[in-house]
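If you read the protein sequences in the order shown, they are chains A and B.
Residue numbering for the first sequence follows the numbering used here, starting at 1 and increasing by one per position.
Residue numbering for the second sequence follows the numbering used here, starting at 1 and increasing by one per position.
None of the hints are false.
A short, non-exhaustive set of chain B residues, derived as facing chain A with CB atoms under 7 Å: (1) Gln46; (2) Leu66; (3) Gln225; (4) Pro227; (5) Thr240; (6) Ala243; (7) Thr244.
Honestly, the hints are just simulated from the structure, not real lab data.
Beta carbons: idealized from backbone N, C-alpha and C, even for Gly.
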Amino acid sequence: MRIRAGVALLAVLVGAVLLLAPMVEAQGDRTLTYAQSVPVTAMDTAGPSIGTVYPAGYEAMYLVYDNLVAFNERMAIVPQLATAWSVSKDGLTWTFKLRRGVVFQDGTPFNADAVVFHITRQIDPTVNPSNRPLWDPIAGARKVDDSTVAITTKQPFGALLNTLAHASGGIVSPAAVRRLGDGFARAPVGAGPYAVERLETGSELALRRFDRYWGGTPGYARVVLRHVPDPTTRIALLQAGQADVINAVPPESVPQLQAAPDVEVIARPALRTFGFAFNLNRPMFQDVRVRQAFSLAINRPAVISAIFKGFATQIDSPLSRLTTGHAAAGQLTYDVSRAKTLLAEAGWKPGPDGVLRRDGAPFDISVLTPVGLFPKDIEVTQAFQDFLRAVGVRASINRVEPAAFWDYLRVPPDRLRWDMALFGFNPSNGDGAYHLASLFESNPSRSEPPKVWNFAWYSNPKVDAWLHQADTTVVPAQRTRLLAQAQRAIWADAPYVWLYAENAIVAKRKAVKDVQVLPIVFTILRNAKP
Amino acid sequence: MSATAGRRLTRVLRAPVTAAGTILVAAYLMLGAGGPWTAPYDPDAQDLGAALQPPSPRHWLGTDDLGRDLASRVIVAARVDLAVVVLGLAVAVGTALPVGLVAGYAGGTADRALMGLSDAALTFPSLVLAVVLVSLVGAGLRSVVLALGLTTAPALARLIRSLVLTAARAEYVEAARALGAGAPRMIWRHILPNIAGRVAVYMTLAGSYAVLTITALGFLGLGVQPPTAEWGNMLATTRTYLATAPWLIAAPGAAIVVFIFAVNAVGEALRDLFDPRLVWGP
Numbered sequence: 001m002r003i004r005a006g007v008a009l010l011a012v013l014v015g016a017v018l019l020l021a022p023m024v025e026a027q028g029d030r031t032l033t034y035a036q037s038v039p040v041t042a043m044d045t046a047g048p049s050i051g052t053v054y055p056a057g058y059e060a061m062y063l064v065y066d067n068l069v070a071f072n073e074r075m076a077i078v079p080q081l082a083t084a085w086s087v088s089k090d091g092l093t094w095t096f097k098l099r100r101g102v103v104f105q106d107g108t109p110f111n112a113d114a115v116v117f118h119i120t121r122q123i124d125p126t127v128n129p130s131n132r133p134l135w136d137p138i139a140g141a142r143k144v145d146d147s148t149v150a151i152t153t154k155q156p157f158g159a160l161l162n163t164l165a166h167a168s169g170g171i172v173s174p175a176a177v178r179r180l181g182d183g184f185a186r187a188p189v190g191a192g193p194y195a196v197e198r199l200e201t202g203s204e205l206a207l208r209r210f211d212r213y214w215g216g217t218p219g220y221a222r223v224v225l226r227h228v229p230d231p232t233t234r235i236a237l238l239q240a241g242q243a244d245v246i247n248a249v250p251p252e253s254v255p256q257l258q259a260a261p262d263v264e265v266i267a268r269p270a271l272r273t274f275g276f277a278f279n280l281n282r283p284m285f286q287d288v289r290v291r292q293a294f295s296l297a298i299n300r301p302a303v304i305s306a307i308f309k310g311f312a313t314q315i316d317s318p319l320s321r322l323t324t325g326h327a328a329a330g331q332l333t334y335d336v337s338r339a340k341t342l343l344a345e346a347g348w349k350p351g352p353d354g355v356l357r358r359d360g361a362p363f364d365i366s367v368l369t370p371v372g373l374f375p376k377d378i379e380v381t382q383a384f385q386d387f388l389r390a391v392g393v394r395a396s397i398n399r400v401e402p403a404a405f406w407d408y409l410r411v412p413p414d415r416l417r418w419d420m421a422l423f424g425f426n427p428s429n430g431d432g433a434y435h436l437a438s439l440f441e442s443n444p445s446r447s448e449p450p451k452v453w454n455f456a457w458y459s460n461p462k463v464d465a466w467l468h469q470a471d472t473t474v475v476p477a478q479r480t481r482l483l484a485q486a487q488r489a490i491w492a493d494a495p496y497v498w499l500y501a502e503n504a505i506v507a508k509r510k511a512v513k514d515v516q517v518l519p520i521v522f523t524i525l526r527n528a529k530p
Numbered sequence: 001m002s003a004t005a006g007r008r009l010t011r012v013l014r015a016p017v018t019a020a021g022t023i024l025v026a027a028y029l030m031l032g033a034g035g036p037w038t039a040p041y042d043p044d045a046q047d048l049g050a051a052l053q054p055p056s057p058r059h060w061l062g063t064d065d066l067g068r069d070l071a072s073r074v075i076v077a078a079r080v081d082l083a084v085v086v087l088g089l090a091v092a093v094g095t096a097l098p099v100g101l102v103a104g105y106a107g108g109t110a111d112r113a114l115m116g117l118s119d120a121a122l123t124f125p126s127l128v129l130a131v132v133l134v135s136l137v138g139a140g141l142r143s144v145v146l147a148l149g150l151t152t153a154p155a156l157a158r159l160i161r162s163l164v165l166t167a168a169r170a171e172y173v174e175a176a177r178a179l180g181a182g183a184p185r186m187i188w189r190h191i192l193p194n195i196a197g198r199v200a201v202y203m204t205l206a207g208s209y210a211v212l213t214i215t216a217l218g219f220l221g222l223g224v225q226p227p228t229a230e231w232g233n234m235l236a237t238t239r240t241y242l243a244t245a246p247w248l249i250a251a252p253g254a255a256i257v258v259f260i261f262a263v264n265a266v267g268e269a270l271r272d273l274f275d276p277r278l279v280w281g282p
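In isolation and in its complexed conformation, chain A is listed as follows (with noise of 0.2 Å):
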């Protein structure tokens, strides 16, 4: 008798707990679940990147913060905390009106002091010494009033507007940066729509719905960013209802997810642009026709259909078609027995094992690839060795690890350990004068690494100086010419073995609303809601 009573207890509780669970739910205190590929580690907006893992750290951030200004979907520029903004004649000054009535996720209020707080750290090299070439082109910020900002810059700057949406361009509460000195970077305070509960480094982030957002209500009461580095495993959980958004899908599971009902795959072509670097310090690429021959080996089509299931895209420019500047300046196109005469042209003949040679030195390169930093490396990068040898170039292949990789580039031209080396580039702020200086700007010092990511230490005065003279126009169509030509200088120069645009690809249940993927690669989840 007593067992029985017992037992109807039991079911009483579960029934009521069954009943009550999906009330709780209904009541708005729904979490959103977004498993990532890397993990959050720091959101401050200054700070080293190295601390910041790509794209993770900035996604988090544009949870976090708001910023003056905002990418669309199509990456053009929409207000967020300033309303307008006016140029003045001679291109130096910016004059921005901020939104009313906002504040922080502390509850200090947002205003003109808290922008030339926040760009004053940004500019300066010894707190910020992540994305200089964003920010070293503004001299100061300046209160006019309360709701009313001045940016100068020290010259002309066109892309002023693409560094205020990136986000390192999210705004910190000047009041929590004093009080929490370095720990800000693990509890930071901004003015978006969610606030940091808790961040477990490289497991976990928690964030909560920020009441007073000045933009409405939020979504979800809370938004989970957890790190799931193993796609099959990301999947699972999204199939299962544990995860709502999962990044980095790998193309061949596309199908097994569009077949799924409750399901919805985001695929869409990216910025990031890919292609196999050339050391050209080496004395054997040269010859312009020993980069063009290699160029001319690789039938892009069959990678891009093979391996991407054709999620990527074909590119006719060292910037993708959607990045800001873009100008078409040639085709890739697949070539064999062309590429086999530029190289004889080149001295380079076949020698009895099939293997080129000149002066009786055989053709060997090494090939340098992370394993597991971007999509489908080290399948390209033996794609790459195999076309190579039909060619008659024997390449082997260094692989190293992704957190490695960055060591193997950041390093003097004499202490550069391969030959080539396969790279993608992501402008994060949209904008192809920062995508080229970043790649193919000439370094400062052959002492030194690499001022930016010129690893292949390209050198073409006539490309620094049109790339200098794009960054100092605020005339959009003038700026759109002198990229031009430096695109078409360096894509006849052939520093890279271009390869193709990335695509993003992003899978989320149905039932979540409004999620955003960026041609940047960034997934926001800032207006999803259920």
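Given the coordinates of chain A, assemble chain B onto it according to the supplied hints.
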């Protein structure tokens, strides 16, 4: 070979499981030795246009994500995996034999010191130890061989020591000692031949664990590196294709399972052959 031993061998081999295991191990060894020559295609030749084809008469096991013939890759991977097993076990024997012999034969302080070391090594799970070693030395064929050898060695050294202890007290050894035989002769002529069988049994079984360790390291990305085909890294690089091209996982997976079964079958048979406690009927 005496008549009894011959009868024993025939009897052991007649068991169907043992026979199957022996044939399979022989087949693996032949494929491994043959390597690229036994493979129907060049295992590294890509044909992106023919990627991810299911098994067909042209490609018995289908093609992988880069259009390489899977059967050929499984075959050359056998060569890599078996070579690592053999080399790794050679390192293990090379380390464990002197340690075990000295500890067992000399005893005393040497015994305590050496066994203390091997016990310390045994407290780590062997896969964890292997991962640590590979991380220190850097991934690649050489470090996998080293890791495998050094993780197998401690237990083997203990086994050899205990066998030596038993053998050294046997009457025939005491008789040899009474006749004035020196230590090298005692070890070489009297002890080693008497423990070789048991060590061989242990090595066979260790071989199947070794394959698991190598493939696990390969799967974790710490073992033999692509493009060199190895069963573990083949599993790792293609596991996202489980839903769309399951044969990519099935082929190297089956190669591992069948090999471990075969080696264990042979190991069991060897154990029966060398176990003095087993009673054999007429």
